[in-house]
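Chemist: Spelled out, the chains give:
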Amino acid sequence: MKLTGRAIYEGRAEGAALVSASPMSFYGGVNPETGEVVEHGNELKGQSVKGRVLVFPHGKGSTVGSYVLYRLAKNGVAPCAIVNAKCETIVAVGAIISEIPCVDMVDVSKIKPNARVKVDGASVEF
Amino acid sequence: MFLTREEEKMLAGEEGRAAQKAMQILVALGKIYGAEKMVKVSSVQVSGVSYKNLGDAGLEFLDELAVDGRARVKTTLNPAGMSLTDWKSQGIGAAFAEKQLKVIDAYRRLGVEISCTCTPYLAGNTPGFGQHIAWGESSAVAYANSVIGARTNREGGPSALAASLTGRTPLYGLHLEENRVPTLAVDVEVPLRSPEDFSAMGYFVGRAATDGVPLFRGVRQAGVEELKTLSAALASSGGVAMYHVEGLTPESKLKPEGHEAIAFTPKELQEARALLDGDGSPDFVAVGCPHCSLSELETLARLLRGKKVSREFWVCCSREVKRRSDDAGYSRWIEASGAKFATDTCMVVAPVEELGYRVVATNSAKACHYLRNAGLRTRFMRLEECVAEATRSS
Numbered sequence: 001m002k003l004t005g006r007a008i009y010e011g012r013a014e015g016a017a018l019v020s021a022s023p024m025s026f027y028g029g030v031n032p033e034t035g036e037v038v039e040h041g042n043e044l045k046g047q048s049v050k051g052r053v054l055v056f057p058h059g060k061g062s063t064v065g066s067y068v069l070y071r072l073a074k075n076g077v078a079p080c081a082i083v084n085a086k087c088e089t090i091v092a093v094g095a096i097i098s099e100i101p102c103v104d105m106v107d108v109s110k111i112k113p114n115a116r117v118k119v120d121g122a123s124v125e126f
Numbered sequence: 001m002f003l004t005r006e007e008e009k010m011l012a013g014e015e016g017r018a019a020q021k022a023m024q025i026l027v028a029l030g031k032i033y034g035a036e037k038m039v040k041v042s043s044v045q046v047s048g049v050s051y052k053n054l055g056d057a058g059l060e061f062l063d064e065l066a067v068d069g070r071a072r073v074k075t076t077l078n079p080a081g082m083s084l085t086d087w088k089s090q091g092i093g094a095a096f097a098e099k100q101l102k103v104i105d106a107y108r109r110l111g112v113e114i115s116c117t118c119t120p121y122l123a124g125n126t127p128g129f130g131q132h133i134a135w136g137e138s139s140a141v142a143y144a145n146s147v148i149g150a151r152t153n154r155e156g157g158p159s160a161l162a163a164s165l166t167g168r169t170p171l172y173g174l175h176l177e178e179n180r181v182p183t184l185a186v187d188v189e190v191p192l193r194s195p196e197d198f199s200a201m202g203y204f205v206g207r208a209a210t211d212g213v214p215l216f217r218g219v220r221q222a223g224v225e226e227l228k229t230l231s232a233a234l235a236s237s238g239g240v241a242m243y244h245v246e247g248l249t250p251e252s253k254l255k256p257e258g259h260e261a262i263a264f265t266p267k268e269l270q271e272a273r274a275l276l277d278g279d280g281s282p283d284f285v286a287v288g289c290p291h292c293s294l295s296e297l298e299t300l301a302r303l304l305r306g307k308k309v310s311r312e313f314w315v316c317c318s319r320e321v322k323r324r325s326d327d328a329g330y331s332r333w334i335e336a337s338g339a340k341f342a343t344d345t346c347m348v349v350a351p352v353e354e355l356g357y358r359v360v361a362t363n364s365a366k367a368c369h370y371l372r373n374a375g376l377r378t379r380f381m382r383l384e385e386c387v388a389e390a391t392r393s394s
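Line order of the protein sequences matches chains Y and V.
As numbered in our numbering, residues 1 to 126 make up the first sequence, in order.
As numbered in our numbering, residues 1 to 394 make up the second sequence, in order.
Pulled out of the complex, with its shape left as it was, chain Y reads as follows:
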């Protein structure tokens, strides 16, 4: 299936989907050194975002979360792409400064966990 959304940060990437049905907080929610999700109550707790196409509805929490994405990228443990239903400031800024391809305005419920996902500009194929 191929969905077309809106490119927040254009780029190409391919990886296995890591899907959270709930909004994600990066500040305090993801360990910037390891990429592990540490947020209490998030269904991805204990899994690593490294190299995955990270799929979630939208970001939440502190604006410092943008810097956490940057730190993940510097440490080589960032997701290879981000797909959102509706991107907000924290994730958008984080994706841009970290140069992580990011697309939003797609129906994220269509993407199944571990599906092979290809992101290219505004399109998401899986």
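Because the hints were derived from the structure by calculation, they are not lab data.
Check the hints yourself; a few may be wrong.
[As the list claims (entries may be wrong)] One side only, chain Y facing chain V, incomplete, derived with CB under 8 Å:
#, residue
1, R6
2, P32
3, E36
4, S66
5, Y70
6, R71
7, K74
8, C87
9, A92
10, V93
11, I96
[To be verified] Over 12 Å on every C-beta distance to chain Y, these chain V residues come out as not near it, computed from the model:
#, residue
12, K21
13, L171
14, L174
15, E178
Note that CB positions come from ideal geometry on N, CA and C, so glycine has one too.
Here the structure of chain Y is known, so what remains is to put chain V in place on it, guided by the hints.
Modeler: Same frame as chain Y, but now just chain V:
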């Protein structure tokens, strides 16, 4: 989104990498929030200064931008995690201080004024009515929109910095008059007798208004100190970025949208105070959230003159206002009492929880909110009561 030729050049990287990154951020935000174009800004206030919040990630990002980035408009800075000169006497460790000074150095290279205050409007960053600006620091955002009538959205650290490095911000939200109209009326049916009453009211109403625009009716008088602390409280319990006080603030004639109204009576004032004031004997007293005005320092000098404090007492203010207080002769009365000026910083952004204090007395609802989140207990008191508490023999 429409971009001018100059903006296109920045986006293409012709003005350097930092300006390109900044323009990418602004275009993405414009896209998300449906802006048709950019608007030029005359002033920027950058938040995201304390190393406690930035961490190494933030520091690296700033260092990278500082390679070729440069502020294009007047840009001032939020408080840091410590006094830049007296951090040792504040009990701050050398490792933290080293990182914090690196953050400050990056901002200096970016051409940002090292003002280190949450009240830029008291320290030389003074936009005028109707001007478009891009400010971070939620209390200053609410003050600038509401009291000055300048226009800013509630920026985060990177988006404010992006506005500084390009001189622009996307035109949406509170830059447009239609989004500045009141969404909720608040009928104030209790006399507000001190700035602390305004602070408590702001805390209560912020929770009800979430990110709306409250219109306060029935407030007879309010000066800088009252509005400063009201702004801070509204923005900490809720996401309020603008409010109106009927008959007092410059855009309070805008007609409210809908008819939703709440009452603020002695009962709500009592409830608000109860939310902020816990129990326990304070081992730390701190005033100046937001940073003290010169008039507050005058009051403190009068209250502290000839007395000695019996516990740690921080007076938080900007270095600019401290300088004026030195000239006016207030500082020496304050310092003679044993109280410490905490310039460049405050009890919210300094790592107070790591300094070993457990119960903090303060006159700010905003400070109570954040200190409680950090695991401390708070006592909410009027300024005079804070001084009485600090000078009480223990």
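Chemist: Does each hint hold? Answer for all of them.
Modeler: Structure-based check of each hint:
1. R6: 7 Å, holds
2. P32: 6 Å, holds
3. E36: 16 Å, violated
4. S66: 6 Å, holds
5. Y70: 5 Å, holds
6. R71: 3 Å, holds
7. K74: Given a least distance of 6 Å, the restraint on K74 (chain Y) holds.
8. C87: Check passed: Cβ of C87 (chain Y) comes within 6 Å of chain V, closer than 8 Å.
9. A92: 5 Å, holds
10. V93: 5 Å, holds
11. I96: 5 Å, holds
12. K21: Label violated. Min Cβ-Cβ 6 Å, cutoff 12 Å.
13. L171: The claim holds: L171 (chain V) sits with its nearest Cβ about 16 Å from chain Y, beyond 12 Å.
14. L174: 14 Å, holds
15. E178: 21 Å, holds
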